[in-house]
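**Student:** Work out the full structure, taking the sequences as your base and the hints as a guide.
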Amino acid sequence: MTSPLQRKLKISGPTVITANRLADGAVVWLANDGRWAETLTRANVVTTSEEALRLLDIAHGDEREAVGAYPAAVALAKDGTPQPATLREKIRSSGPTIAFQATA
Amino acid sequence: MYIHDEFDRTFLKERVAEFRDQVARRLSGELTEEEFKMLRLMNGVYLQLHAYMLRVCIPYGTLASKQLRALARVARRYDKGYGHFTTRQNIQFNWIKLAELPDAMAELAEVGIHGIQTSGNCIRNTTTDAFAGAAPDEIEDPRLYAEVIRQWSTLHPEFTYLPRKFKIAISAATHDRAAIRVHDVGLRLHKKDGRTGFEVMVGGGLGRTPYIGQTIREFLPKEDLLTYLEAILRTYNLGGRRDNIYKARIKILVHDLGAEAFGKLVEEEWAKIKDGALKLDEAGLAAIRAHFHTPDLPALPEKPAVLADALKDPAFARWHAQSVTAHKVPGHAIVTLSLKPVGGPPGDCTADQMDAIADLADAYSHGEVRVAHEQNLVFPHVRQQDLPALWGKLEALGVATPNVGLVTDIISCPGLDYCALANTRSIPIAQQITERFADPERIADIGLLHVNISGCINACGHHHVGHIGILGVEKKDQEFFQITLGGKGNAKARLGELIGPAIPETEVVDVVERLVDTYLSLRTGPGETFIAAVERLGVEPFKDSAYAPR
Amino acid sequence: MPLVKNGAPAADVYVRVADGDALPDAPVIVSADRLLAEAHALAARGGALGVAWPNDRDVAELVPHLPQLSLVALVFPKFRDGRAFSQARLLRERYGYTGELRATGNVLRDQLLMMVRSGFDALEVEKPADAAAFGKALASYSVFYQPTGDGRRPVAALRRARVAAEAAS
Chain V
0 MTSPLQRKLK
10 ISGPTVITAN
20 RLADGAVVWL
30 ANDGRWAETL
40 TRANVVTTSE
50 EALRLLDIAH
60 GDEREAVGAY
70 PAAVALAKDG
80 TPQPATLREK
90 IRSSGPTIAF
100 QATA
Chain Y
0 MYIHDEFDRT
10 FLKERVAEFR
20 DQVARRLSGE
30 LTEEEFKMLR
40 LMNGVYLQLH
50 AYMLRVCIPY
60 GTLASKQLRA
70 LARVARRYDK
80 GYGHFTTRQN
90 IQFNWIKLAE
100 LPDAMAELAE
110 VGIHGIQTSG
120 NCIRNTTTDA
130 FAGAAPDEIE
140 DPRLYAEVIR
150 QWSTLHPEFT
160 YLPRKFKIAI
170 SAATHDRAAI
180 RVHDVGLRLH
190 KKDGRTGFEV
200 MVGGGLGRTP
210 YIGQTIREFL
220 PKEDLLTYLE
230 AILRTYNLGG
240 RRDNIYKARI
250 KILVHDLGAE
260 AFGKLVEEEW
270 AKIKDGALKL
280 DEAGLAAIRA
290 HFHTPDLPAL
300 PEKPAVLADA
310 LKDPAFARWH
320 AQSVTAHKVP
330 GHAIVTLSLK
340 PVGGPPGDCT
350 ADQMDAIADL
360 ADAYSHGEVR
370 VAHEQNLVFP
380 HVRQQDLPAL
390 WGKLEALGVA
400 TPNVGLVTDI
410 ISCPGLDYCA
420 LANTRSIPIA
430 QQITERFADP
440 ERIADIGLLH
450 VNISGCINAC
460 GHHHVGHIGI
470 LGVEKKDQEF
480 FQITLGGKGN
490 AKARLGELIG
500 PAIPETEVVD
510 VVERLVDTYL
520 SLRTGPGETF
530 IAAVERLGVE
540 PFKDSAYAPR
Chain D
0 MPLVKNGAPA
10 ADVYVRVADG
20 DALPDAPVIV
30 SADRLLAEAH
40 ALAARGGALG
50 VAWPNDRDVA
60 ELVPHLPQLS
70 LVALVFPKFR
80 DGRAFSQARL
90 LRERYGYTGE
100 LRATGNVLRD
110 QLLMMVRSGF
120 DALEVEKPAD
130 AAAFGKALAS
140 YSVFYQPTGD
150 GRRPVAALRR
160 ARVAAEAAS
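Chains as they are written, first to last, in numbering that gives the first Met the number 0: chain V, 0 to 103; chain Y, 0 to 549; chain D, 0 to 168.
Don't read these hints as lab results, they were simulated from the structure. For glycine and all other residues, C-beta sits at the position ideal for the given N, C-alpha and C. Treat the hints with care, since some could be wrong.
[To be verified] Once the Cα atoms are required to be at most 30 Å apart in a straight line, the calculated DSS-like pairs of lysine-lysine come out as:
hint, chain 1, residue 1, chain 2, residue 2
1, D, LYS135, Y, LYS36
2, Y, LYS12, D, LYS4
3, Y, LYS246, V, LYS9
4, Y, LYS65, V, LYS89
5, Y, LYS79, Y, LYS65
6, V, LYS7, Y, LYS475
7, Y, LYS12, D, LYS77
8, Y, LYS302, Y, LYS278
9, D, LYS77, Y, LYS246
10, Y, LYS246, V, LYS7
11, Y, LYS36, Y, LYS12
12, Y, LYS96, D, LYS126
13, Y, LYS79, Y, LYS36
14, D, LYS77, Y, LYS96
15, Y, LYS475, V, LYS77
16, Y, LYS278, V, LYS89
17, V, LYS7, D, LYS135
18, D, LYS135, Y, LYS12
19, Y, LYS221, Y, LYS278
[Unchecked claim] Label-pair distances were calculated between CB atoms; the ranges are:
hint, chain 1, residue 1, chain 2, residue 2, range
20, D, ALA36, Y, LYS263, 25 to 35 Å
21, D, LEU65, Y, ALA260, 23 to 33 Å
22, D, LEU157, Y, GLU512, 55 to 65 Å
23, Y, GLY537, D, ALA156, 55 to 65 Å
24, Y, ALA260, D, PRO53, 42 to 52 Å
25, D, PRO53, Y, ASP509, 51 to 61 Å
26, Y, ARG240, D, ALA167, 43 to 53 Å
27, Y, ALA285, V, TYR69, 53 to 63 Å
28, V, ASP23, Y, LEU521, 45 to 55 Å
**Tutor:** Okay, here's the thing in structure tokens:
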């Protein structure tokens, strides 16, 4: 893997690291305790590229728990809780925008 | 339908055991994600936005009722109670857990179905006409050859790590219902001088670089099917680009070399293997044919009294006009079940619907169901006298919307609501269109019109070949859509023409309606379809009206 | 890297020699370029000679040299790059090569059976655990749908034999 110094990651605002959990594919976010959380509100929000890269390294080093980690921009609510900043991330955190037909 | 024997059953068990072991090795960390990804893909397992997705292969679109019930069980037990039928005659489950996948696969294997080679850079599920074996316009049942190809391509030791995916489609009818010109290889069964053989087309495909397949051989005797395919695949495996994923499909190789030069390479390779072990003979074909159970249908009176009576009911008559197609045996019919209800996601089917449809298939269609390329289901063998009763039951299930082939029979990919590759959503657009065009009389008056929606350039909704094509593009986190007109997916396949700049999501349904209104005002009469009008007039008048009020 | 040959762990007696380096008094593997450039000298040298043949070069070029070769090493730069599967079948089934055919590169457990089916009889397996599981990997399947040069009988032939047996009884 390329060393952090050689890589470039430019973030332009509050950012979290997100991935899918290996065993069931569920959407997860890297939390303050270095573990994967199931809610975005528990995610570790960073604001500098160095911090984001550091978290991404932690995430990529942990292929057993979660896969496909990447940085995602978030918006912060007044109380500081992160909210998804893009439609894609909104759908990832709250599910499809369409109603299920299923009865099960 | 094809009846598996002990060899097929043993193979499927071995495949499930192998995958179970691979999952265990992945979970234990023995396999890296990079290594595992290729293995899971070749079993139809994707990692999507919210969960793993399992794509289950329905070989040549033919399902036995017990197989459909098994799909319903898997939907309930391992998923959220529904599945999604795709344009490649497959079904997808959206919410499966990796750790539970081997068990789900073992259940499917019990009834002879699986996800093998529904993804990955290998030879995918061979697709064909959903009306195969029932259509009056076919010269032979193409599923025999689809099965021959399935067996040859299953875990082919040489062609499982190709430059990119490889899709084959076969048609044996005058009317191409399998979109063979937009596949890596398209095969058209036809007769020449009393012999049966194939026209072979290569290099078709949609995606970001759409091409219509080109014929490299007008007539290939049927005995030579596999040797010729082996020659094509070998030429591609050795010569296809591997440096750029977007240029790795065979269509790029064919385009770069020219179809004639590519065909020459294939012929040279073929000359060396054409009389080899893969050459088919009548005995070999007969052995595979013997595995197909085809119902013995007696000729019955055409248009029996009960049907003639029912046709006096306008609602039944509307459904009959769209959903019922002629069968090769008198007194029978092919019935299409619309999975495009007003306001529903195109191609979705709940577990309860699957079970009920399986029961109806047993009662009315010799236990057989087909999956159509247009994301609908088909009962291939229904007695005409049963149509009124069947209609009532299909209505009750919500699969008798009288819109087959009409503006609301939309082909759509899952889009950003599920798909990790999508740029925009596509299902909500489909829902809006079906709601705007909910009036069955109005859509019947509009007539034949294919609307196709893709949520990204990978074109899983085949927007290039929609009479109206809709492609999602994202701009600064806003959903925009490009509109193309005049595409066709049949034997005379043609790519649609872009009519102007992308429009915001909120305007798509209005633009579609204006295009339809323009057609209605310009057509020579109800006999001229939307696509015929576009071909006669060109896109200009449509372009003007689509953008005029802006 | 563990070598598995004809199904069993084996010592690698071959030495890979870089272009321009002197040839040791041992079985050697040289590059394709060197083989083609120094064909006569290499043949005159006697002793076991192998070549590492890249996956983007036509194996037909190798044909005149096959009688001198005791080993051909084909390469999988990434396990996903399957060109050497075709090359192996061509060498075995079309050109009649009978010497050691070795799979090198990113050789992993889940591709071993396909490599053997394509004609490889020696495999430089990347991970020791995969080499240890060689027997298990090969036993994953007992049913094969395609005829290749490996001698395993495909399903079609087995079905035909069964029909014939039934007819005879």
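**Student:** Now look at each hint and say whether the structure bears it out.
**Tutor:** Cross-check of the supplied hints:
The straight-line distance between the Cα atoms of LYS135/D and LYS36/Y is roughly 21 Å, inside the 30 Å bound, and the hint therefore holds. For the proposed pair LYS12/Y and LYS4/D, the alpha carbon gap of about 29 Å is at most 30 Å, so the pair holds. Under the criterion of a C-alpha separation no larger than 30 Å, the hint pairing LYS246/Y with LYS9/V is consistent with the structure, at around 29 Å. With a C-alpha separation of about 39 Å, the suggested pair LYS65/Y and LYS89/V falls outside the 30 Å cut-off, and the hint is violated.
Restraint check: the Cα-Cα separation between LYS79/Y and LYS65/Y comes to about 20 Å, which is no more than 30 Å; the hinted pair holds. A C-alpha spacing of about 22 Å is found between LYS7/V and LYS475/Y, which places the hinted pair at or below 30 Å, so the restraint holds. A threshold of 30 Å between alpha carbons decides the hint, and for LYS12/Y with LYS77/D the separation of about 29 Å falls inside it, so the pair holds. A threshold of 30 Å between alpha carbons decides the hint, and for LYS302/Y with LYS278/Y the separation of about 45 Å lies outside it, so the pair is violated.
Taken as a hint, the LYS77/D and LYS246/Y pair is honoured in the structure, with Cα atoms around 18 Å apart against an allowance of 30 Å. Taking the CA atoms of LYS246/Y and LYS7/V, the gap is about 27 Å. The hint holds against a cut of 30 Å. A hinted pair counts as satisfied when its Cα atoms are at most 30 Å apart, and LYS36/Y with LYS12/Y qualifies at roughly 21 Å. With a C-alpha separation of about 28 Å, the suggested pair LYS96/Y and LYS126/D falls inside the 30 Å cut-off, and the hint holds.
With a C-alpha separation of about 24 Å, the suggested pairing of LYS79/Y with LYS36/Y holds against the 30 Å cut-off. With a CA separation close to 28 Å, the supplied pair LYS77/D and LYS96/Y stays within the 30 Å bound. Under the criterion of a C-alpha separation no larger than 30 Å, the hint pairing LYS475/Y with LYS77/V is consistent with the structure, at around 24 Å. A C-alpha spacing of about 54 Å is found between LYS278/Y and LYS89/V, which places the hinted pair above 30 Å, so the restraint is violated.
For the hint linking LYS7/V to LYS135/D, the alpha-carbon distance of about 44 Å lies beyond 30 Å, and the restraint is violated. Straight-line distance between C-alpha atoms of LYS135/D and LYS12/Y comes to about 16 Å, which keeps the hinted pair within the 30 Å bound. A distance of roughly 9 Å separates the Cα atoms of LYS221/Y and LYS278/Y; the hinted pair therefore holds under the 30 Å criterion. A hinted range of 25 to 35 Å holds for the C-beta pair ALA36/D and LYS263/Y, which are about 31 Å apart.
Evaluation of the 23 to 33 Å hint for LEU65/D and ALA260/Y yields a pass: the beta carbon distance comes to about 29 Å. Our hint of 55 to 65 Å for LEU157/D and GLU512/Y holds, since their Cβ atoms are close to 60 Å apart. One distance hint, 55 to 65 Å for the beta-carbon pair GLY537/Y and ALA156/D, holds here, with the actual separation near 57 Å. Distance hint for ALA260/Y and PRO53/D: a CB-CB separation of about 24 Å, inconsistent with the stated range 42 to 52 Å.
Between PRO53/D and ASP509/Y the CB atoms are about 57 Å apart, so this pair conforms to the stated range of 51 to 61 Å. A C-beta distance of roughly 52 Å is found between ARG240/Y and ALA167/D, which places it inside the suggested range of 43 to 53 Å. Between ALA285/Y and TYR69/V the beta carbons are some 54 Å apart, a value that agrees with the proposed interval 53 to 63 Å. Under the hint 45 to 55 Å, the C-beta atoms of ASP23/V and LEU521/Y, about 53 Å apart, fit the expected range.
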